[in-house]
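**Q** For reference, the chains in residue letters:
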Amino acid sequence: MTIDELRKIGEAEREAQTKFQHHVCVCTAASCLSSGADHVCDAIKKEVAETGMNHEVLVKSVGCMGLCSAGPLVAVETAGQTYANVTPEQAPDIVRSLDTGSDGLEHCPPDMPFFARQKKIVLENSGKIDPERIEDYIAHDGYHALVTAITELSPQEIVVTMVQSGLRGRGGAGYPTGLKWSTVAKTGEQEKYVICNADEGDPGAFMDRAVLESDPHRVLEGMAIAAYAVGAQKGFIYVRAEYPLAVKHLKTAIKQAERLGLLGNNICNTRFSFHVDIRLGAGAFVCGEETALIASVEGKRGTPRPRPPYPAQEGLWGCPTLINNVETFANVAPILRNGAAWFAAIGTEKSKGTKVFALAGRVANTGLIEVPMGMTLGEIVNEIGGGVPEGKRLKAVQTGGPSGGCIAEQYMNTPVDYESLARVGSMMGSGGMIVMDETSCMVDVAKYFTEFCMSESCGKCVPCRAGTQQMLSLLEKIACGQSTQADLAVLEELCDLVRNTSLCGLGQTAPNGILTTLKYFRQEYDHHIAGGACPTCRPTEVSQ
Amino acid sequence: MQTYLGQPQLPSDDKRWKIVEATARRHGREPHALIETLHTVQECFGYLDETALRFVAATLRVPLSRVYGVATFYHFFTLKPKGKHTCVVCTGTACYIKGAPALLAAVEKAHGIKPGETTPDGELSLLTARCLGSCGLAPAVVVDNVVHGKVAPAGLLARVEKGIHP
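Read top to bottom, the protein sequences are chains A and B.
Here the first sequence stands for residues 1 to 544, numbered as in our numbering.
Here the second sequence stands for residues 1 to 166, numbered as in our numbering.
Careful, some of the hints might be misleading.
[Said to hold, decoys possible] Cross-link-like lysine-lysine pairs, in silico, DSS-like; alpha carbons within 27 Å at most: (1) Lys114/B with Lys248/A; (2) Lys300/A with Lys18/B; (3) Lys18/B with Lys255/A.
No lab work stands behind these hints, which were simulated from the structure alone.
Modelling step: build the complete structure from the supplied sequences, incorporating the hints.
**A** Structure follows, in C-alpha cells:
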C-alpha cells in the first residue's frame, strides 16, 4: 500500500457515493439500536427499493450521532436535516421528504446548541461514515496519517509531535501521552506491546463504546502509529464483553485493515509489522487500572501490582508496554495529519484538545458530546444539555465515575480541564457526566458509589478491601438515622486513610464520592444523623 | 487418564466442546488463553460447571485453583445456570438516579426473587448490570437479550410477562 493507492481507494469511494443524489444516514450505534434503529433502517431501505429510487438514494448505517435521548436518529445529509424519534412507519415520509421537503417529522434544528456548541475531533467521523466499511473511512482521510508516518517520518519525529501537541491521557489521570510514548520508545530494541484500554467500567460512561462502534479504524490507526513510534510489533485491544457491537465492528475492522495491508506483516513494504488482537474483559472495574489490565490480558485475575516498575518499562509478560485509552488513540491520527500546533491551539493552557463526555442523568438532551477543554460545566449542562427538565433545580454534576466526585451547583462556572476539576475535589475521569437534580439525596449517591467501589475492590490490599466495607456500613448507619456526629468523624478519618494507603487508583479515589458530598452537602448528612431522612429523601420515589 | 498428544479427552461427544477446544487451540493452548476460553464455554453452555472448569484447566495446563479463581473473580462469568428468560436491570449511575431501584423492586416483588436468583421453576433470572452504556436512555433493562430504554416498572413487568407467557 502506498499513499497513492490509498488516495485512489478514497477517490473511488467518494465518486461512488456522489453518484447518489441523496444520502440517508441511519444511526445504528447501540443506543439508537435499542430504540429500534435496525427496523427503521430496514424500512427505509425497503421503501427506497419499492419506490425505485435505488440509484438515487444511498441508505447508510452509521455510528453515533450523539443525541441518544432522541433516537432513533436519521440524517438526510444532502438536505442538512436530522430527524428524531423516527419509527419504521415513518419510512415513506422520509423518502418522500427527499423531493418535497419534510412534513410531519420531528426535526433537530441544525443550529440547536447541542450540535452547534460542540467541536468534533475524535467524533468527526462518528455518525458520518459506515463503521463496517474501511473504504468509507479511507474516503474521509483515514489511514493517510499511518501511511505517511511509516513511509516518511522517523519514530522519533512522531514522538516529538505527540509531545508538542500536549495531548494527555483521556482515560482519566491525564498523564502526558508524548512522555509515555518516549519512555517506551527509549527502552531499546526488544519485544514491546501496545495495549488499547477499552475496559470502560465506569457506570455512566459510554464514550469508548461509541468511538469503537462508530469509527473503529480510527483507533486501529492510532494504535499502529503508536506501535511504529515506540517500536512494538504486537497490540491488544482489551474491550468489555458487555459491548458486543463494538467487538463485532472491531473484528471486522481488523480483518479489513489486514486485507489491505494496513495491519500485519511489512506494512507499506517497510520493515514495520504490527498485529492486533482483541481480548475480552469479563466485567471487573479494577481492570481499567493498567497493571490489573495487563494481568487480565495474561489470563489471570485482574489484580493490580505496585508501581514502579511502570508498564512502560515492565508490562505485559515483563516487556515494555504502552497502554493508552481508546480516546487517546483516536486523537493520534488527526494530530499527525494537522500538526501538533493545530492541536495545541485548542483547549486550555495545560489541557489541550477536546474531550468527549457522556452526558446523562436529569438533563434534557442526553447523549455523547465532544467539547473543547475549558468549556464550563454550566455551559455543558445548560446549553448543550438543555438544562434540567420538568422545571426541577440543578443540584450537582457528577464527573469521573466512582472515582470522581459530585460538583455542587455553585461551581458550575468551573472549566472542564484536568486541573480545575481536581481543584473542586472531582476529576476528569474517562468522561462520564451525570446531572443530578433536587430529587437526588446526596447521602444516597455517596452510598451508591461506595457500594460500587466495595464490590469492585479486588481484595488485594487491606485499606481498600476492608476500608470500603467499613465506609459503606457507616454510610448505611447514617442514612437510616442510627448514627451520631462521632460516626461522621470516623467516616472522614477512614476516607483519609483509604485514600492515602490503598495500592491502586480504585482505592485511592474510592472516598471521593463521600468527600465531595460531605464538602458541598454536609447539611444532608446532618439531617440524616438527626432524623433518619433529609428533605430530598422522598420514600415515595423508591416505592412508586 | 487417556490422553492424545498430552491433550485431555473431551468431556462428552457434545459438539460444543469442540468449539471450546478450538478457542484453546487458536491461542496455542497457552495459559494466557484462560479468560478467552472461559468466554467460549459460557457462550456455548450458558454457564461454567465443574466439568467445564476441569476440562479448561487440563487443556491449558493451568491449576484448577487458578481456573476457579478467575471464574469467580470476574462478574461476567457465572457458575449457575440461568433461567429460561433473563431480566437484567442496569444499575449504572444514570439509571440509578432515574429509577433503577424501583424497577428492581417491582420485579423482586412480582416474581419473588432477588438479583442473582432464578425462580424455582427455572423460568426467570433477575440480574443486575453495572452499566450497559445506554445511559442516554436511562433507566435501561435487557429482557431476553433485547435492550429497552426509558422503562417504567409497569412496562418492565409487562415485558417480562410477555417473554414468559407469549
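**Q** It remains to establish, for every hint, whether it holds in the given structure.
**A** Hint check results:
About 32 Å separates the Cα atoms of Lys114/B and Lys248/A, which puts this hinted pair outside 27 Å; it is violated. Of the pairs offered as hints, the one joining Lys300/A and Lys18/B holds, with about 24 Å between alpha carbons and a cut-off of 27 Å not exceeded. For the proposed pair Lys18/B and Lys255/A, the alpha carbon gap of about 24 Å is at most 27 Å, so the pair holds.
Checked against the numbered hints above, the structure violates only hint 1.
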